[in-house]
Amino acid sequence: MELNPFRRRNSTPRMERLRALSLFAALSSGELAIVDGLLHEREFLKDEVIFDEGEDGQAIYIVLDGSVLICRQGESDAVLATVAAGGFFGDLALLENLPRAAQARAAENARLAVFFRDDFLGLMETHGIIASKISLQLARNMGRRLRDATLGDAAARRHL
Amino acid sequence: MTSAARSGSGPVVWAAIIAVTCLLLLVFHKILWLVVPCMLALIIYYALYPATQYLVYHGMSRDAAAAANIVVFLLIVAVAAAIAVPQIASHIVDIQASVEPYIAGGLRLTQHSLQALERSWSVLANAHLAEAARQRFDASGGSAAEHVETIVTGVAAWTPSLLLAPFLAFYFLKDGQRFTRFLARAVPNAFFERTLYLMHEVDRTLRAYFIGLMKLTVLDTFTLAFGLWLLGLPNPFALGLICAVLAWIPYVGSILGGAIVVLVAATDFPDQPSVAYLSVALFIVARLLDDFLYMPLTIGKSLHMHPLVTVLMIFAGGAVAGIPGLMLVLPVLGVVAVCGETIGKVVTDPRLTARHRHARLLRQRQASADLAS
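As given, the protein sequences belong to chains G and D, one line each in that order. Per the numbering used here, numbering through the first sequence is continuous, rising by one, with the last residue being 160. Per the numbering used here, numbering through the second sequence is continuous, rising by one, with the last residue being 373.
None of these hints come from the bench; they were simulated from the model. Note that the coordinates shown come from a computational prediction; the quantities given were computed from them, not determined experimentally. Be aware that a few hints might be false.
[Stated by the list, open to error] Listed below are the simulated BS3-like cross-link pairs for lysine-lysine, each with C-alpha atoms no more than 30 angstroms apart in a straight line: (1) G:LYS133 with D:LYS174; (2) G:LYS46 with D:LYS345; (3) D:LYS30 with D:LYS174; (4) D:LYS215 with D:LYS174.
Can you build the whole structure from these sequences, using the hints too?
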């Protein structure tokens, strides 16, 4: 019988699922365990509003199942983006304490993980490595969005 | 939600906050046997939380990390008790001899001060103030052994309750996050972000208050110990620590701490009343440092409260629940203020209420989708 309390963690299905998310792809098992303790899970029905444009942004949302529409307030037909399972949104709230730039609405029944802004800021104080790994993924995501916005999808695909 | 936004709460919300705080203090006063271990458990929890997170980060399960930390904490307490208890026991034997001279010294200083005042003020001389005070002290005095008996009985009565503290702290460390998520699950989606903010603010307020209190105690101890050492008083560190811990009780604790030091000074330096007066001056300086430097740097930061409200609530806490009310009023007020302001904003936000109604409608439709004929 192994008595080492600092044993290698057995990877649970939940841990594997978290590791598959792009935001947490670079985290080790120990780091994932810390982050897992901070995540909240919520279920939204199709058409349910997740947050409104102009609302105080307090958290980042990670799509575990289903998909989410990002649109202008009151213009749910004018879709700005669709976030599928594995993606995340509301990340500007994590970096800046600014109002939400758009409305988020469940495109179909969705299960989301919620990462609270102050928990992320707390990680910066207590676990700088975890916070920097997540920040790097956020920066990559921002860069991708910026490239898509300025060069267009086709050019971005050609890595111009 | 920023602190600037928090200041927008109206008079109705603040009246409710003050009323709920007073009501809670009244209830807490009745269940002190549970409130005191809970407060101690929170202090232990906030002190051990970083170490628990460290162990989890290095591969330990949360349960094992919480258990390891509590075991180490209990070992440290046991070792400290093993060192301190024999010394205290040996002092208790001759406490009558050691305490009574200090009380006599204090009475002598009071008598001399009152007689000096009577010589200067004929009104006081006519009132025979010094004689009246001497008679009052004689009537209220008893042997030190009687007081020791009361203290020992009190400690024995509180011990089982205090043993709850590490037990509670273990479960706070082990299940705190699960409990937070359990509470959050009960909140409808529309109010979820605001509720997360509320729970975080409650945690932040309590953490800042208790950690601030510990920092304030350390700062007070070293400031007083340095001052008492300069004055040449015996055991300056122990005296400083006792006074800093007594200062946990607003106003009353500081006066009691000051009185103890003045008693020691008056007894150990009976021919030098200036030492006693300098001790009083030291306490006034320490009090000013506390109010204008240490408090704003430590506890003051945690509550974001107007000083007038704080002072009035301290008096209200004392009136409602006595000494426990004085000690509990600030953390309770801090938490109730955060809850009251956030709940006030949530329930009066028409958009959030509309979103909640819409979500309920969607759930009803989903639940009855296959029931339509």
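Evaluation of the provided hints:
1. G:LYS133 with D:LYS174: holds, 26 angstroms
2. G:LYS46 with D:LYS345: holds, 27 angstroms
3. D:LYS30 with D:LYS174: holds, 28 angstroms
4. D:LYS215 with D:LYS174: holds, 25 angstroms
The structure meets every hint from the earlier list without exception.
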